[in-house]
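**Q** Which chain is which? The protein sequence lines are A and B, in order. If you count the first sequence from 1, position 96 lands on 96 in this note's numbering, and the numbers rise without skipping. Whatever position you read off the second sequence (first residue = 1), add 358 for this note's numbering.
Keep in mind that the hints were calculated from the coordinates and are not lab data. Accuracy of the hints is not assured; some may be wrong.
[Said to hold, decoys possible] Pulled from the structure, derived: some chain A residues nowhere near chain B, Cβ distances all over 12 Å:
#1 A12
#2 I29
#3 F97
#4 S108
#5 Y137
#6 A141
#7 R151
#8 L176
#9 S182
#10 N188
#11 L205
#12 A270
#13 T277
#14 T326
[Unchecked claim] A few chain A residues facing chain B, derived, Cβ under 8 Å:
#15 N178
#16 L180
#17 S184
#18 L186
#19 S189
#20 P191
#21 R236
#22 G238
#23 Q250
#24 N253
#25 A274
#26 L276
#27 F303
#28 D304
#29 P305
#30 E306
Heads up, the beta-carbon is just placed ideally off N, CA and C, and yes, glycines get one too.
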Amino acid sequence: MHPILGHPRRLALYLFAWLIVTELLFYLITYHSGVRWLDAGIFFFPLSVFYAFVCLSAWYSCRGIPIEGTSFLGLVGPHLLAAIIVSGFWVLTALGFAKALSHTRRFSDIETKVLNITQLLLIIGILEYLLAVALFYVLQAQEESREAQQRVMEAHVLARDAELRALKAQVNPHFLFNSLHSISALTNSDPKRAREMCIALADFLRATLGLGEKELIPLQEELSLIHSFLAVEKIRFGNRLKMEEKIDDQVLNCMVPPLILQPLVENAVAHGIANLTEGGWIRLHAGYATDSNSVAIDLENTFDPEAPARRKSGVGLMNVRRRLDTRYGKSASVAIEKNGGLFRVGLMLPAERQAVHA
Amino acid sequence: MSVADAKIRAVIVDDEDLARQVVRELLSEHKEIEIVAECANGFEAVKAVTELKPDLLFLDIQMPKLDGFEVLELIGTDMAIIFATAYDQHALRAFEVHAVDYLLKPFGAERFEQALARGKQRLGGKLPPVSELKAATRDPGEYAQRIVVRDGTRVHIIPVAKLDYVEAQDDYIALANQGKKHLKQQTISSIESSLDPAHFLRIHRSYIVNLERVTKIEPYGKDTHVAILSDGTRLPVSRSGYARLRDVLEQKR
Chain A
1 MHPILGHPRR LALYLFAWLI VTELLFYLIT YHSGVRWLDA GIFFFPLSVF
51 YAFVCLSAWY SCRGIPIEGT SFLGLVGPHL LAAIIVSGFW VLTALGFAKA
101 LSHTRRFSDI ETKVLNITQL LLIIGILEYL LAVALFYVLQ AQEESREAQQ
151 RVMEAHVLAR DAELRALKAQ VNPHFLFNSL HSISALTNSD PKRAREMCIA
201 LADFLRATLG LGEKELIPLQ EELSLIHSFL AVEKIRFGNR LKMEEKIDDQ
251 VLNCMVPPLI LQPLVENAVA HGIANLTEGG WIRLHAGYAT DSNSVAIDLE
301 NTFDPEAPAR RKSGVGLMNV RRRLDTRYGK SASVAIEKNG GLFRVGLMLP
351 AERQAVHA
Chain B
359 MSVADAKIRA VIVDDEDLAR QVVRELLSEH KEIEIVAECA NGFEAVKAVT
409 ELKPDLLFLD IQMPKLDGFE VLELIGTDMA IIFATAYDQH ALRAFEVHAV
459 DYLLKPFGAE RFEQALARGK QRLGGKLPPV SELKAATRDP GEYAQRIVVR
509 DGTRVHIIPV AKLDYVEAQD DYIALANQGK KHLKQQTISS IESSLDPAHF
559 LRIHRSYIVN LERVTKIEPY GKDTHVAILS DGTRLPVSRS GYARLRDVLE
609 QKR
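Work the whole structure out from these sequences, hints included.
**A** Put into structure tokens, the structure is as follows:
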């Protein structure tokens with residue numbers, strides 16, 4: 001959208017500034033050409049307003065030639081050329097207008113007088129156009145800095161928001177209450193396992209609570225969080241839940257945002273295993289991608305394709321995607337694949353070694 | 359009716375072994391109650407309840423295959439039902455299907471005894487009518503994604519997208535799905551309210567059609583029309599049904 005044409009108030013301001021410039025121009029011209037003050041006013045006012053609008057077009061060439069990354073010549077050349085062409089066009093319009101007016105008695109001598117000052121008009125036209133170019137570059141820079149500021153703010157808010165929601169999702173009431181119920185079942189029949197489960201649940205909750213403040217944690221820490229989560233779920237689901245893990249030792253101290261994998265594992269249990277009467281498996285693989293500049297994490301699980309989608313499903317995944325997006329932008333990706341009874345999420349994120357953040 | 363001499367027959371439905379264990383343990387104090395079956399999913403529950411006709415049902419809500427409400431839709435609510443679930447988002451729906459009680463996990467002996475006492479009261483008294491309960495088992499503004507049908511002890515799950523049309527037959531409805539017809543004890547109005555009106559339309563007193571299947575509408579007799587489906591089935595369209603159908607098809611265009 002045009003920064004001046006699109007905003008009536010800015011347009012008014014621009015035209016007002018333009019009229020002040022015209023005032024000076026008008027003074028110069030009456031001085032040089034001998035045209036009467038009033039006549040000059042009548043003649044130049046419409047031309048000036050017309051030129052004000054013509055110069056608004058400089059915005060489009062400014063947008064096409066960004067200040068940064070363009071050489072001095074590349075910047076000045078095209079604008080100067082445009083200024084000469086536009087100004088020349090304007091002078092021709094002025095001459096045409098003068099010719100048309102010369103039929104009236106009052107302006108009978110205007111054509112010759114304007115012809116005498118064509119050079120002056122051309123130079124003024126060029127200067128005014130270049131002035132407009134400068135104005136647009138200033139506006140552009142202002143807009144850019146505001147946008148950049150907004151982006152930073154937005155990323156900040158998103159990160160905070162994601163963290164909050166990730167934390168909220170951790171204390172998933174289903175998980176918590178079902179686990180407590182399992183513990184209560186075990187207290188009588190198998191007190192030893194009940195205690196084990198209490199400890200696993202406590203480990204998980206403690207780890208979750210501590211993670212909220214950290215921006216990045218070693219993958220190893222995220223994995224141990226997953227292990228305590230699965231230790232609890234394993235007691236609930238018994239042998240319905242099978243877990244297979246293949247983690248390349250080299251990526252264990254790569255840094256990842258906290259709670260980036262745990263929601264995915266929780267999804268795999270809640271939407272996969274929990275819906276399968278005979279149970280199923282979860283497979284977690286992590287290692288360097290081919291170029292070892294990024295870490296590839298793959299999570300696969302079985303699920304029942306006929307189970308109806310629950311209303312809350314997809315929230316966890318969307319959350320993970322947004323968090324990776326705000327933190328890494330285009331250098332991270334999330335791939336989702338649904339194939340028969342198999343669900344796969346593939347994460348790819350830049351490999352950041354622990355030492356950098358230690 | 360006297361229940362003093364006959365034992366109360368109970369079925370426990372929960373997909374988690376430990377959760378069933380809690381109920382089993384708490385029931386062991388009650389010699390008057392006999393556990394006749396334990397089920398780990400919805401299919402097993404439908405089969406056990408149809409075959410054994412228990413008096414008391416302990417029912418979890420989130421389970422594989424069929425959830426607790428779908429189980430009730432198939433077996434009726436001809437017994438005292440006690441829900442047991444970890445989260446109270448379903449409490450309102452449980453109330454609507456006239457459950458005796460709604461236990462929140464984890465629960466202890468005291469709360470369990472309370473629920474059991476209510477269950478016994480219900481068994482001694484009069485049961486609410488079974489029909490007209492089923493339509494209430496859905497949250498308002500939410501439409502069915504699938505329809506469950508019971509054929510003896512077998513359960514069919516029909517995704518609504520695969521449903522061609524519904525035909526009323528006395529107290530039953532016939533659900534046509536890829537050339538097969540499944541009978542279900544439900545009124546046509548009740549199923550109409552659970553189907554998304556963007557995809558299903560009542561075209562006749564006895565027919566609801568999946569709009570995506572309609573290929574042509576032809577006049578038939580003086581005031582009526584006939585809708586021709588993609589598989590060649592011809593369904594009668596009443597005068598008011600025709601007006602509705604025309605509105606919908608014109609909007610889609």
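**Q** Confirm or reject each hint.
**A** Outcome of the hint check:
1. Every C-beta of chain B lies more than 12 Å from that of A/A12, the closest at about 45 Å, which supports listing it as non-interface.
2. The Cβ of A/I29 sits about 64 Å from the closest Cβ of chain B, beyond the 12 Å cut-off, so the non-interface label holds.
3. Every Cβ of chain B is farther than 12 Å from the Cβ of A/F97; the closest lies at roughly 55 Å, confirming the non-interface assignment.
4. Every beta carbon of chain B lies more than 12 Å from that of A/S108, the smallest distance being close to 67 Å; the non-interface claim holds.
5. At roughly 51 Å from the closest C-beta of chain B, the C-beta of A/Y137 stays outside 12 Å, upholding its exclusion from the interface.
6. No Cβ of chain B approaches the Cβ of A/A141 within 12 Å, the least distance being about 50 Å, so the stated non-interface status holds.
7. With a least CB separation of 37 Å from chain B, A/R151 remains clear of the 12 Å interface cut-off, as annotated.
8. The claim that A/L176 lies off the interface is violated: its Cβ sits roughly 8 Å from the closest Cβ of chain B, which falls inside the 12 Å cut-off.
9. Taking the minimum C-beta to C-beta distance to chain B, about 4 Å, the non-interface status of A/S182 is violated against the 12 Å cut.
10. Look at A/N188: its CB is around 6 Å from the nearest CB on chain B, not clear of 12 Å, so calling it non-interface is violated.
11. Residue placement check: A/L205 keeps its beta carbon more than 12 Å from all beta carbons of chain B (closest about 16 Å).
12. In this structure A/A270 is not separated from chain B by more than 12 Å, as the shortest Cβ-Cβ distance comes to only about 9 Å.
13. With a least CB separation of 5 Å from chain B, A/T277 falls inside the 12 Å interface cut-off, contrary to its annotation.
14. The claim that A/T326 is not at the interface with chain B holds, since no C-beta of that chain comes within 12 Å of its own (minimum 30 Å).
15. Annotation: interface hint on A/N178 holds; nearest CB of chain B at approximately 5 Å, less than 8 Å.
16. Restraint check, A/L180 versus chain B: the minimum CB separation of about 5 Å is within 8 Å; hint holds.
17. For A/S184, the shortest C-beta to C-beta distance to chain B is roughly 4 Å, which falls under 8 Å, so the interface hint holds.
18. With 8 Å as the threshold, the beta carbon of A/L186 comes within range of chain B, its nearest partner Cβ sitting at about 7 Å, so the hint holds.
19. Hint status for A/S189 relative to chain B: holds, with the closest Cβ pair at about 7 Å, below 8 Å.
20. For A/P191, the interface hint is violated, since its Cβ never comes within 8 Å of a Cβ in chain B; the closest pair sits about 14 Å apart.
21. At a threshold of 8 Å, the smallest CB-CB gap from A/R236 to chain B is about 6 Å, leaving the interface hint in force.
22. The beta carbon of A/G238 is positioned within 8 Å of a beta carbon in chain B (closest approach about 6 Å), and the interface hint is therefore held.
23. Taking 8 Å as the C-beta cut-off, the interface hint given for A/Q250 is violated, the closest approach to chain B being about 38 Å.
24. A distance limit of 8 Å between C-beta atoms decides the matter here; for A/N253 the minimum to chain B is near 37 Å, and the interface restraint is violated.
25. Using the Cβ-Cβ criterion of 8 Å, the hint placing A/A274 at the interface with chain B is satisfied: the shortest such distance is roughly 7 Å.
26. Because the beta carbon of A/L276 sits about 6 Å from the nearest beta carbon in chain B, less than 8 Å, this interface hint is met.
27. Of the supplied interface hints, the one on A/F303 is violated, with its beta-carbon coming no nearer than about 10 Å to a beta-carbon of chain B, more than 8 Å.
28. Residue-level restraint check for A/D304 holds (minimum Cβ-Cβ distance to chain B is 7 Å; threshold 8 Å).
29. This hint is violated: A/P305 has a C-beta 11 Å from the nearest C-beta of chain B, more than the 8 Å allowed.
30. Among the interface hints, the one on A/E306 holds; its C-beta lies about 6 Å from the nearest C-beta in chain B, closer than the 8 Å criterion.
Hints 8, 9, 10, 12, 13, 20, 23, 24, 27, 29 from the earlier list are contradicted by this structure; the remaining hints agree with it.
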